[in-house]
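Engineer: Okay, here's what each chain looks like letter by letter:
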Amino acid sequence: MNNFVTIRPFKTFKKVAYYTFWVEGREKSEADAFFSKFENDKTLATDLDILVAWLTEIGDRRGAKARYFRQENTAEALPPPHRIMAELNVNKCDLRLYCIRLSEEVVILSNGGLKTSQTVQDSPDVWPKFNFANKMAHQLLKQLQIGEIQLDGSTILDLNEIELWD
Amino acid sequence: MDAFDLIATRAPKQARQFTAKMLDVADRIFALMEAKGMAPKDLALALNENEATVNLWLTGRYNLELSTIIRLEEVLGEDILVVPVAA
Numbered sequence: 016m017n018n019f020v021t022i023r024p025f026k027t028f029k030k031v032a033y034y035t036f037w038v039e040g041r042e043k044s045e046a047d048a049f050f051s052k053f054e055n056d057k058t059l060a061t062d063l064d065i066l067v068a069w070l071t072e073i074g075d076r077r078g079a080k081a082r083y084f085r086q087e088n089t090a091e092a093l094p095p096p097h098r099i100m101a102e103l104n105v106n107k108c109d110l111r112l113y114c115i116r117l118s119e120e121v122v123i124l125s126n127g128g129l130k131t132s133q134t135v136q137d138s139p140d141v142w143p144k145f146n147f148a149n150k151m152a153h154q155l156l157k158q159l160q161i162g163e164i165q166l167d168g169s170t171i172l173d174l175n176e177i178e179l180w181d
Numbered sequence: 040m041d042a043f044d045l046i047a048t049r050a051p052k053q054a055r056q057f058t059a060k061m062l063d064v065a066d067r068i069f070a071l072m073e074a075k076g077m078a079p080k081d082l083a084l085a086l087n088e089n090e091a092t093v094n095l096w097l098t099g100r101y102n103l104e105l106s107t108i109i110r111l112e113e114v115l116g117e118d119i120l121v122v123p124v125a126a
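Protein sequences, first through last, are from chains A and B.
Residue numbers 16 to 181, in my numbering, belong to the letters of the first sequence in order.
Residue numbers 40 to 126, in my numbering, belong to the letters of the second sequence in order.
No wet-lab data here; the hints were simulated from the structure.
Cβ atoms here follow ideal geometry from the backbone N, Cα and C, with glycine treated the same way.
It cannot be assumed that every hint is accurate.
[Said to hold, decoys possible] Now the stretches of chain A that chain B is said to cover, found in silico as 3 or more residues with beta-carbon under 8 Å: (1) 58-64; (2) 72-82; (3) 139-153.
[As the list claims (entries may be wrong)] Estimated spans, in silico, between C-beta atoms of each pair: (4) A:Leu-179 to B:Gln-53: 37 to 43 Å; (5) A:Ile-161 to B:Pro-123: 52 to 58 Å; (6) A:Pro-24 to B:Ala-125: 43 to 49 Å; (7) B:Leu-45 to A:Arg-85: 22 to 28 Å; (8) B:Thr-107 to A:Asn-175: 46 to 52 Å; (9) B:Leu-105 to A:Glu-163: 48 to 54 Å; (10) B:Val-124 to A:Thr-170: 42 to 48 Å.
Construct the complete structure from the given sequences, taking the supplied hints into account.
Structural biologist: Structure below.
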């Protein structure tokens, strides 16, 4: 794993600012890598449409309330609503976008992928992303707690490069 | 325009409306619970459901059946869905 990560703004809405991670040496941010990877996958088009509609709706009108998010260890995940899938003739959604909710106004979108087995550990596409998001979540929540990272409304103050802890 | 914006542009209106309505219902249930001082476990007990199910409803990710909404309205004592009636 690369050791340096920066947090950069991704999308800003009225009630939520979404940030993302930029890992040293990678071409794209983590969120952009996720959306770019699946953008043209026709089998996941409905899942992605709903996921983006979801992020936009929460961002524009509601705020990132804790109860909207699915807790996955220290990080959170945003699968599209699973019973919507049935309504739209898609049986099941296994797409996961990992994120870290710092407040109702600040969410950091990480990467994600397709969960292909019952457990995330046995899903090669999502396991490294799950681990990365949880490592970042653990570190950021600790840094927030001790004041190394500070929030001002929907802004993360002093977006310096972060060195990943061991 | 990045991939997120491209997906947002192409997403059908139905996806946006469905997402918004489900969150509206979840938020309404949560507001009524708060007004009554009910925790998810209290609502679960009143409906003979388990707490995890109630928490799932409150995520707004669950497409509740009308029959469940009516049970919720009965327990919470207020309307959750209101449909305009033609004169």
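Engineer: With reference to the structure, classify each hint as holding or not holding.
Structural biologist: These are the hints, each one checked on the structure:
1. Given a C-beta distance limit of less than 8 Å, the hint that chain B covers the segment 58-64 of chain A holds, as 3 residues qualify and 3 suffice.
2. For the segment 72-82 of chain A, the stated coverage by chain B holds: 5 residues have a C-beta nearer than 8 Å to a C-beta of that chain, and at least 3 were required.
3. Taking a C-beta to C-beta cut-off of 8 Å, the segment 139-153 of chain A contributes 0 residues in contact with chain B, too few for the three needed, and the coverage statement is violated.
4. Leu-179 (chain A) and Gln-53 (chain B) have their C-beta atoms about 41 Å apart, which keeps the hinted 37 to 43 Å range intact.
5. The given range of 52 to 58 Å is respected by Ile-161 (chain A) and Pro-123 (chain B), whose C-beta atoms sit roughly 53 Å from each other.
6. A hinted range of 43 to 49 Å for the beta carbons of Pro-24 (chain A) and Ala-125 (chain B) is consistent with their spacing of about 47 Å.
7. For the pair Leu-45 (chain B) and Arg-85 (chain A), the supplied restraint of 22 to 28 Å holds, since their beta-carbon distance comes to about 25 Å.
8. For the pair Thr-107 (chain B) and Asn-175 (chain A), the supplied restraint of 46 to 52 Å holds, since their beta-carbon distance comes to about 48 Å.
9. At about 49 Å, the beta-carbon gap between Leu-105 (chain B) and Glu-163 (chain A) stays in the expected band of 48 to 54 Å.
10. A C-beta distance of roughly 46 Å is found between Val-124 (chain B) and Thr-170 (chain A), which places it inside the suggested range of 42 to 48 Å.
In the structure shown, a violation is registered for the earlier hint numbered 3 alone.
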